[in-house]
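There are 4 protein chains.
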Amino acid sequence: MKITVGMFGFGKAGSCVAQEILKDDICKLKWVIRKSKKNEGDYASRLLGFEGDNGKIYSIDSIDKDAFFKDNYVDIIIDFSINSAVETYRAAAEYGTRIVSAISNYGEAQLNHLKELGSKTAVLYSPNITLGINFLIEVSKVLQRIVPEADIEIIEEHFREKPDASGTALRIAEDLGLDREKHVNSIRVGGIVGKHEVVFGLPNQTIRIIHESLSRAAFGQGAIYAAKWLIAKKKGIYTMEEAVKLSFARNIKVFNIDK
Amino acid sequence: MKITVGMFGFGKAGSCVAQEILKDDICKLKWVIRKSKKNEGDYASRLLGFEGDNGKIYSIDSIDKDAFFKDNYVDIIIDFSINSAVETYRAAAEYGTRIVSAISNYGEAQLNHLKELGSKTAVLYSPNITLGINFLIEVSKVLQRIVPEADIEIIEEHFREKPDASGTALRIAEDLGLDREKHVNSIRVGGIVGKHEVVFGLPNQTIRIIHESLSRAAFGQGAIYAAKWLIAKKKGIYTMEEAVKLSFARNIKVFNIDK
Amino acid sequence: MKITVGMFGFGKAGSCVAQEILKDDICKLKWVIRKSKKNEGDYASRLLGFEGDNGKIYSIDSIDKDAFFKDNYVDIIIDFSINSAVETYRAAAEYGTRIVSAISNYGEAQLNHLKELGSKTAVLYSPNITLGINFLIEVSKVLQRIVPEADIEIIEEHFREKPDASGTALRIAEDLGLDREKHVNSIRVGGIVGKHEVVFGLPNQTIRIIHESLSRAAFGQGAIYAAKWLIAKKKGIYTMEEAVKLSFARNIKVFNIDK
Amino acid sequence: MKITVGMFGFGKAGSCVAQEILKDDICKLKWVIRKSKKNEGDYASRLLGFEGDNGKIYSIDSIDKDAFFKDNYVDIIIDFSINSAVETYRAAAEYGTRIVSAISNYGEAQLNHLKELGSKTAVLYSPNITLGINFLIEVSKVLQRIVPEADIEIIEEHFREKPDASGTALRIAEDLGLDREKHVNSIRVGGIVGKHEVVFGLPNQTIRIIHESLSRAAFGQGAIYAAKWLIAKKKGIYTMEEAVKLSFARNIKVFNIDK
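Residue numbers (our numbering), protein chains in the order written: chain A, 1 to 259; chain B, 260 to 518; chain C, 519 to 777; chain D, 778 to 1036.
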């Protein structure tokens, strides 16, 4: 049995994710919906150098939203497009299609919209879909519990065009109770794929936890991991942290360091 | 009540540790035993800019080992000297003095000697006495369990004169089951106090956990933490890991990343 | 006018370089010679997602070496294959084809062979073809002149399968007069594209110069830069350092730091 | 012959600088002027563990400014105190005492005041007195000329209490023509002595130049270097860059990278 997948988004990240799905043994890429009309009617598989016709490309303006998601049913939609896409695939949720969304800049209304879908199907929402990033977040939470007196700063580096602070960095700030204006430092230079560093400063020692994405394929692998996990879940809203079961933060005993 | 402390070693690390003990509210530095005859009869407190006469300095060749440890009883010996010192303070263990040893290059006979002392008193042995380093070790063990397929390398940087690989780096290698010849990379330049980095490499992402000591005072704070913890323990051999109760590694669930 | 290019090598690095050549306005990829018979007769352009038929793929065993280089004359051969390829394109040099070789592990005989070609055509040889790496090398030489008493270590990180120390790291060691066995530290983990760090240690300060390749496209851009520079040169052996004219090291005045 | 030195400031940095002066063979610390009345009448030498009575400590409110600088003439004043101290030592300049100021946050009036002193004596002003930092600045300027299209960000890390962005980071931003609000990222955690990193980002490669101060002794060594250089200079305003004669930036030829 294969898990059928529909993709939203075919930009820098989206096409890398599509590539990983095409390589995967269990997932099968059925279609790709993108904003522009470029390559409409082509197959993502062919464009990415694979054999066979997989991942037919549709422009979002060319589809009949209700009929499309019924006629082209998939088990999972993976969304690496833009924050307004959530309004498009409401009908898909009605048909039981599960949703993995990696969008990092939802507005409040859009986020509510996504949560509503959780009453109809299983939805996993995470702006930080690489597994390593979730390790970084969980370990940082542990370290903060161990040394609550440590000063903490977040440094994130991305390619020059990336707007705003990274959703992941904001999430780390939120999880650690840090003011995002003050403690998230965004570096935008050249072609850096993605680097997140959490610095813990104590009077006589510094601890750094650093995650570097080497290629956007890491997003694809995270999304596939999430998709396979979500396929067995009931309706509801889930997070990547739940998917990776990084539960260790809950169980550790606390000690004091460097006071 | 004060915890009385005797120090072995008054070199680069030893004198920094003495300084932290002198600042501590609960510990009281009674004496310092060193190899050379330099400053014999002086007080460590005066040499380090403190008021009062604390930490009288003795040369190891000037003391009568049996009588000394009885007449100058201390609750704890903290050893930052050399690997042969363990043979000197056997008598102290007989009188119930507890031992904190931070020596990193014991030979097998010396290590056995130290373990024997554990049948007479409480002994804590750790070549990596800073608390942050123990966090680094424990977190690395967790990450290895989560992503067993990751490649792991250890990089340690220290001041130019430091001989051999650091005891801490070797310990990390041992704990992670890595060949120390192949996977411990030692950088010796200038005046670097101490930096340990564990690099986890996956096909599309890299995770780094880095600990930097900013000053040898971190060793003193670790040693004081260990001393206070050890004072309530029964005879036996203990490790810093036990002292910091970083037990979280035992409780986490395992998942796979980036396959 | 276009510069016609023939490529040797179509592996990880080679295909990335081919891709950059295919994107370039001035270079035209005429053929690719590879070791295996895979994709023989196909076009690199099609395999890499470009329109048009460019870069026809030949297996090295299928070509008649003398006739091939005459019948398929190119202005430049760019070699990202293996160290024995140099023996193959001797005939090309006779016809005036220029050579850019980025091979890092030539044996002595092969290196002599390459130098002989320099008596027939213009040859640029550099195992470190990215422009940034050459900056790192030149700046390191300057800093060593400024602070000759600094301790220097080289750390290089690459993907797990890369054998031996990197040619670039060895070159840096040679240029700085460092024993390569002692001072080159090779980290092999996961999918790291390529990172070189030169650490200068002084008693109270450390200076690090770090170059990270984010994608192998950097090699292609360096190779294209070298090709365009070489096209106007007379016969002889050249280096990337000459191509980038990083001549500043020769002109600076020396001062002493941190003694 | 000795160079006699008077110090302004005896805080974290000031006392480290005093210590280096006390160790130096050519400099002789005559007095220290500080803001508080703490240790007034004591000798810096004794407080810092040296033999002999050197560096008598005065509170700034206890001295008669005109008479003091005549009666206690020194060849050089080294100022690691606060931005208002410049108003105090005007009289010293009249007597020919040279000035080395490492103050990083002068207001405009104070800076003008300092410049006026340059019409009476030789004044060297540098908020970034370590020699390595000046190397970092000069090399960054070179690299910017080589790759003008590179994106540049500055990251500076210091101990938690350090207010505002570091003077050095602002200077780098100014020298590279970068908006200081946008491109200087300040990390304030724990006890970090001082780290400055300049990141150059290109589409496929990143270059980082990093300077780390391991101890404030580096400031002292820089100040002593500056003092010895300044002693032979005529009246005027000088910079550390001039003192270290890092003139190489002027001589290099420009090439383009990674376009």
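Calculated directly from the structure, the hints in this document are not laboratory data.
All C-beta atoms, glycine included, are put in the ideal place defined by N, C-alpha and C.
Mixed in with the good hints, there may be bad ones.
[As the list claims (entries may be wrong)] Here are the simulated DSSO-like cross-link-like pairs (lysine-lysine), alpha carbons at most 27 Å apart as the crow flies:
1. Lys959(D) / Lys454(B)
2. Lys918(D) / Lys141(A)
3. Lys271(B) / Lys487(B)
4. Lys959(D) / Lys282(B)
5. Lys541(C) / Lys530(C)
6. Lys541(C) / Lys23(A)
7. Lys282(B) / Lys789(D)
8. Lys588(C) / Lys659(C)
9. Lys441(B) / Lys752(C)
10. Lys814(D) / Lys454(B)
11. Lys315(B) / Lys972(D)
12. Lys56(A) / Lys520(C)
13. Lys195(A) / Lys959(D)
14. Lys235(A) / Lys120(A)
15. Lys141(A) / Lys454(B)
16. Lys700(C) / Lys753(C)
17. Lys752(C) / Lys548(C)
18. Lys400(B) / Lys195(A)
19. Lys294(B) / Lys374(B)
20. Lys918(D) / Lys972(D)
21. Lys548(C) / Lys23(A)
22. Lys379(B) / Lys271(B)
23. Lys752(C) / Lys520(C)
24. Lys815(D) / Lys789(D)
25. Lys659(C) / Lys12(A)
26. Lys12(A) / Lys939(D)
27. Lys315(B) / Lys141(A)
28. Lys233(A) / Lys65(A)
29. Lys556(C) / Lys633(C)
30. Lys548(C) / Lys588(C)
31. Lys659(C) / Lys454(B)
32. Lys162(A) / Lys897(D)
33. Lys680(C) / Lys638(C)
[As the list claims (entries may be wrong)] Simulated coverage check for chain C against chain D, where a stretch passes if three residues somewhere in it have a Cβ under 8 Å from a Cβ of chain D:
34. 573–586
35. 735–748
Hint check:
Restraint check: the Cα-Cα separation between Lys959(D) and Lys454(B) comes to about 31 Å, which exceeds 27 Å; the hinted pair is violated. With a C-alpha separation of about 40 Å, the suggested pair Lys918(D) and Lys141(A) falls outside the 27 Å cut-off, and the hint is violated. Distance check on the hinted pair: Lys271(B) and Lys487(B) sit about 23 Å apart at the alpha-carbon level, within 27 Å; holds. A threshold of 27 Å between alpha carbons decides the hint, and for Lys959(D) with Lys282(B) the separation of about 42 Å lies outside it, so the pair is violated.
Restraint check for Lys541(C) and Lys530(C): the C-alpha separation of about 17 Å stays at or below 27 Å, so the hint holds. Simply put, Lys541(C) and Lys23(A) have alpha-carbon atoms about 26 Å apart, close enough for the 27 Å limit, and the pair holds. In summary, the hint linking Lys282(B) to Lys789(D) is supported, as the alpha carbons are separated by about 18 Å, within the 27 Å threshold. Taking the CA atoms of Lys588(C) and Lys659(C), the gap is about 42 Å. The hint is violated against a cut of 27 Å.
Of the supplied pair hints, the one linking Lys441(B) and Lys752(C) is violated, its CA atoms being roughly 46 Å apart against a limit of 27 Å. Among the hinted pairs, Lys814(D) with Lys454(B) is inconsistent with the structure: their alpha-carbon atoms are about 39 Å apart, more than 27 Å. In summary, the hint linking Lys315(B) to Lys972(D) is not supported, as the alpha carbons are separated by about 38 Å, beyond the 27 Å threshold. At most 27 Å may separate the alpha-carbon atoms for a hinted pair to count; Lys56(A) and Lys520(C) exceed this at roughly 37 Å.
The suggested pairing of Lys195(A) with Lys959(D) holds, with an alpha-carbon distance near 19 Å, which does not exceed 27 Å. At roughly 6 Å between alpha-carbon atoms, Lys235(A) and Lys120(A) fall within 27 Å of each other, so this suggested pair holds. In summary, the hint linking Lys141(A) to Lys454(B) is supported, as the alpha carbons are separated by about 22 Å, within the 27 Å threshold. Among the hinted pairs, Lys700(C) with Lys753(C) is inconsistent with the structure: their alpha-carbon atoms are about 37 Å apart, more than 27 Å.
For the given pair, Lys752(C) sits about 23 Å from Lys548(C) by alpha-carbon distance, which is consistent with the 27 Å threshold. In summary, the hint linking Lys400(B) to Lys195(A) is supported, as the alpha carbons are separated by about 22 Å, within the 27 Å threshold. This hinted pair checks out: Lys294(B) and Lys374(B) have alpha carbons roughly 23 Å apart, not beyond 27 Å. For the hint pairing Lys918(D) with Lys972(D), the CA-to-CA distance comes to about 18 Å; that is within 27 Å, so the pair holds.
Only pairs whose Cα atoms come within 27 Å are accepted, and Lys548(C) paired with Lys23(A) is rejected, the gap being roughly 30 Å. As the CA atoms of Lys379(B) and Lys271(B) are separated by approximately 30 Å, the hinted pair breaks the 27 Å bound. A C-alpha spacing of about 19 Å is found between Lys752(C) and Lys520(C), which places the hinted pair at or below 27 Å, so the restraint holds. Between the alpha carbons of Lys815(D) and Lys789(D) the distance comes to roughly 14 Å, so the proposed pair stays at or under 27 Å and holds.
Simply put, Lys659(C) and Lys12(A) have alpha-carbon atoms about 38 Å apart, too far for the 27 Å limit, and the pair is violated. Annotation: proposed proximity of Lys12(A) to Lys939(D) is violated, straight-line Cα distance about 40 Å (limit 27 Å). Pair hint Lys315(B) plus Lys141(A) does not hold up; C-alpha atoms about 44 Å apart against a cutoff of 27 Å. As the CA atoms of Lys233(A) and Lys65(A) are separated by approximately 25 Å, the hinted pair is consistent with the 27 Å bound.
The suggested pairing of Lys556(C) with Lys633(C) is violated, with an alpha-carbon distance near 31 Å, which exceeds 27 Å. Between Lys548(C) and Lys588(C), the direct Cα distance comes to roughly 13 Å. Compliance with the 27 Å bound is thereby established for this hinted pair. Annotation: proposed proximity of Lys659(C) to Lys454(B) holds, straight-line Cα distance about 25 Å (limit 27 Å). Restraint check: the Cα-Cα separation between Lys162(A) and Lys897(D) comes to about 52 Å, which exceeds 27 Å; the hinted pair is violated.
For the suggested pair Lys680(C) and Lys638(C), the alpha carbons sit about 33 Å apart, so the restraint of at most 27 Å is broken. Note: the stretch 573–586 of chain C has 0 residues with beta-carbon separation from chain D under 8 Å; the three-residue rule is not met and the coverage is violated. Under the rule that three or more residues need a Cβ within less than 8 Å of chain D, the assignment of the stretch 735–748 of chain C holds, with 4 such residues.
Violated hints for the displayed structure, listed by number in ascending order: 1, 2, 4, 8, 9, 10, 11, 12, 16, 21, 22, 25, 26, 27, 29, 32, 33 and 34.
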